[in-house]
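Student: Residue strings, one per chain:
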Amino acid sequence: MKEVIAIIRMNAIQKTKRAVADLGFPSVTAEKVFGRGKQKGLHLFPPATINPEDGKGNGMRYIPKRMLTMVVPDENVEEVIEAIMETNRTGMIGDGRIFVCPVNDAIRIRTGERGEEAI
Amino acid sequence: MKMIRAIVRPEKVEEVVDRLADGGFVALTKLDVFGRGKQKGIQIGPTKYDELPKVMLMLVVEDGDVETVIDTVQESARTGSFGDGKIFLTEVEEAYTIRTGEKGI
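Protein chains in written order, with the working numbering: chain A, 99 to 217; chain B, 107 to 211.
Only chain A is shown next, with the shape it has when bound in the complex (with noise of 0.2 angstroms):
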């Protein structure tokens, strides 16, 4: 079992619920969370810059993420991953980043099965 973490667009992530949904992994785990990346956040004056020498302290530190976390068996993270590049992909900086984390066990509460049965 792996774990995939997508950070993806605020207004994305209709889509690649049903993207993943449609690949038979419907169960996913959504948060709404503030991040950057390499470039240090956005940056406005002059808009929209992304380096943070011409921005000069304006803008936001932090951009509004989605991160969607998804338990999914060996043999089916490459298939999601492409599912999810593919949905989010605008070319632009701020697509995101998909981590794959290992997950040594699951345990459905429910019925206490254990294992890939309880994902």
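None of these hints come from the bench; they were simulated from the model. From the three backbone atoms N, C-alpha and C, an ideal C-beta is built for every residue, glycine too. Take these hints with a grain of salt, some might be off.
Restricting the straight-line Cα-Cα distance to at most 30 angstroms, the calculated cross-link-like pairs of lysine-lysine (DSS-like) are [as the list claims (entries may be wrong)]:
(1) A:K138 <-> A:K113
(2) B:K118 <-> A:K138
(3) A:K115 <-> A:K138
(4) B:K144 <-> B:K118
(5) B:K146 <-> B:K192
(6) A:K138 <-> B:K209
(7) B:K192 <-> B:K108
(8) A:K130 <-> B:K146
(9) B:K209 <-> A:K115
(10) B:K146 <-> B:K118
(11) B:K192 <-> A:K136
(12) A:K130 <-> B:K144
(13) A:K115 <-> A:K130
(14) A:K115 <-> A:K100
(15) B:K108 <-> B:K144
(16) B:K108 <-> A:K130
(17) A:K136 <-> A:K115
(18) B:K209 <-> A:K130
(19) A:K138 <-> B:K108
(20) A:K136 <-> B:K118
(21) A:K138 <-> B:K192
(22) B:K108 <-> B:K118
(23) A:K115 <-> B:K108
(24) B:K192 <-> B:K118
(25) A:K100 <-> A:K113
(26) A:K130 <-> B:K118
(27) B:K192 <-> A:K100
(28) A:K136 <-> A:K113
(29) A:K130 <-> B:K192
(30) A:K136 <-> A:K100
(31) A:K100 <-> B:K209
(32) B:K209 <-> A:K113
(33) B:K108 <-> B:K209
(34) B:K154 <-> A:K130
(35) A:K113 <-> A:K130
Covered, in the sense of this in silico footprint (three residues per stretch, anywhere, with C-beta under 8 angstroms from a C-beta of chain B), are these stretches of chain A [unchecked claim]:
(36) 99 to 107
(37) 126 to 136
(38) 160 to 166
(39) 176 to 185
(40) 194 to 204
Given chain A's structure and the hints, the job is docking chain B onto it.
Tutor: Relative to chain A, chain B alone:
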């Protein structure tokens, strides 16, 4: 790669973030969370606070940078009293940038 999740005091967040940025770790995600530690919250007079507001900072760094980041967070988030927070370290196998599809951070 490793994911570092640091749970720190809300008032210390900007200091920690600035210190990390000075060290070259600009990219991070922050979440507002509630939690408690070994002290089971805090009791002030008759009022018991079971869950205290904290901020979780999440950043993924290369293996070699882990110690630097942990030291930076520890130094900047420490006040010496209970509730300074915790740092958790987990493994990350892969990272992708969605815009380019590239692997790695």
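Student: Could you work out which of the previously given hints the structure breaks and list their numbers from low to high?
Tutor: No hint contradicted; all consistent.
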